[in-house]
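Trainee: What follows is the residue order along each chain.
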Amino acid sequence: EYVSSKTINKVIQVHDRIFCCMAGSLADAQAVIKTAKFQLSFHSVQMEDPPLVIAAASVLKDLCYKNKEELQAGFITAGWDKKKGPQVYVVSLGGMLISQPVTLGGSGSTFIYGYVDAKYKPNMTREECLQFATNALALAMGRDNVSGGVAHLVVITEKGVEHVVVPGDKLPRFHDE
Amino acid sequence: MPIFGQQISINNDLVPDWTREEVSTGTTIMAVEYDGGVVIGADSRTTTGAYIANRVTDKLTRVHDKIYCCRSGSAADTQAIAEVVSYQLGFHSIELDEPPLVETAANLFRASCYRYREELMAGILVAGWDRRKGGQVYCVPIGGMLVRQPVAVGGSGSTYVYGFMDSNYKPGLNKDQCLELAASALSLAMERDGSSGGVIRLATISEEGVERRVILGNQLPKFSTH
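For the record, the sequence lines run as chains A and B.
Position one of the first sequence corresponds to residue 90 (the numbering used here), numbered consecutively onward.
Position one of the second sequence corresponds to residue 24 (the numbering used here), numbered consecutively onward.
In case anyone wonders, no lab produced these hints; they're calculated from the structure.
None of the values given here were measured: they were computed from a predicted structure.
We put the beta carbon where it would ideally sit given N, CA and C, even for glycine.
Check each hint, because a few of them may be wrong.
What follows is a list of derived Cβ distance ranges for each label pair [stated by the list, open to error]: (1) A/N156 - B/G59: 57 to 63 Å; (2) B/D36 - A/S94: 49 to 55 Å; (3) A/V253 - B/G217: 31 to 37 Å; (4) B/D199 - A/S236: 30 to 36 Å; (5) A/S94 - B/E118: 58 to 64 Å; (6) A/S130 - B/A99: 57 to 63 Å.
Go ahead and model the full structure; you've got the sequences and the hints to work with.
Mentor: This is the structure in C-alpha cells:
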C-alpha cells in the first residue's frame, strides 16, 4: 500500500459550527463535501440562520444515496446548533443517516469497537472526551496499517471551534509499544 | 418415472441456505499468561451461514492434562487437527514418561497446520502449563505460523477487541484480573461480532490442575453505548 501523505486533515469544516469527518475514497469524499458546503451555505443564506447539524448531515446523505453506485465514501457529521445543541450523525456508505451519541468509522474502527463500548459513558467532560478520542485513535492507528500519521481532533461548542492536532510521537502509548 | 418420497436435490428453494454452507466456528477466542498458569476463553457459537448450528459449543479442547487449545475457523478442520495432536501428544508423553511441554504441543499443531495449509482453515491458540516454563500461550494462526505471546486473541470477533486488549492488558496481572480481562474482552467481541455469541467458556490451567467455568448470557459483563 502506498502512503501518499501522512498529514492529511480528514476533518473538514462545512459551516461555522459543523464539521465532517471523511472516510473511504478521499477523492469521492472531498468532492461530496465541496458540493455539500456550497449547498449548505446557500441554504443558510436563504434561511437567514445558521444551518442545523441535521441539515448538513441530510445534504451529505442525499448526495451519498442518490449516487450510491459511483461513490465510496462515508461521513461523520458533528456540530452544534441552537435547536438541539451538540449532535453527531453518521452517513454510511449506501446513504443511511442515523444519529448516535458516539460513533466510529473507517478501516481502523473495527479494532476499537471493543474499547469504545467499554470506555464510553454519557455526559463526559470536555477533557475526558478529548482523552477518550485521542486514546481510541491511537489504539486504532497502532493496529490498522492504513491509519497513522497525525491525529486531528476538533472541539465544537456554542462558543466556538478548537483544533487539536496530535502528532504521532505525542500520541498515548500502550504497553506493547 | 414418478418420484417417490422427498425431493433429494439440494439445489432448490425448498431446502434452506444453511444446508449448503460449511460449518464454521466464526469465533472469539483468547488466552492470557499469568505467573503460575494461563487463562483461556472462548464464546460458544457455531454457525453454518446464518444458522447457529450449536449455541453452546465448547471450543476449549483438551489435548493433554494441562494443555488445551482454543479453536477458530472451520469446525471440521480444527476438530480433526486437535484429535491428531491429542493422539500424538499422548504417545509422546508415554515415550517420555512425563507430561509433554506446551511448546511441543504447539509445534505439533504448527506442523499439521503448515503442511496442509492450502486445504485447512484453522486458527488455533495453544495454552497450558508445564514444569519447565510455567504458563505459556502459543498462537498458530491460519497459514501455520508459530509464535509465543503473553496474550493472544483470535477468531472473527478478535478484530473488535484489539484496541481494548492493547489498552487494558499489562504484564504482571494475577489470575483473577486475567479472568476479568478475558470475560470483558469476550463479552465486547460477542456484542459486535455476528459470528460470536452464546455463553463465555473460561478455563484456568496451572500446576494445581484445570478449572473450568461458564458465564451465561444474562450474567455477561455489560457495557454502555446506545
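Trainee: Do A/V253 and B/G217 keep their Cβ atoms within the hinted range of 31 to 37 Å?
Mentor: At roughly 35 Å between Cβ atoms, B/G217 and A/V253 fall inside 31 to 37 Å, so the hint holds.
Trainee: For the pair A/S94 and B/E118, does the Cβ-Cβ distance stay inside 58 to 64 Å?
Mentor: holds, 59 Å
Trainee: Range hint 49 to 55 Å: satisfied by the CB atoms of B/D36 and A/S94?
Mentor: holds, 51 Å
Trainee: Range first: 30 to 36 Å. Now tell me if the beta carbons of B/D199 and A/S236 are that far apart.
Mentor: Given range 30 to 36 Å: holds, Cβ gap about 34 Å.
Trainee: For A/S130 and B/A99, compare the CB-CB distance with the range 57 to 63 Å and indicate the outcome.
Mentor: Because 60 Å falls inside the window, the suggested range holds.
Trainee: Could you say whether the range 57 to 63 Å given as a hint is met by the Cβ separation of A/N156 and B/G59?
Mentor: holds, 59 Å
This entry satisfies every hint, going by the numbered hints stated previously.
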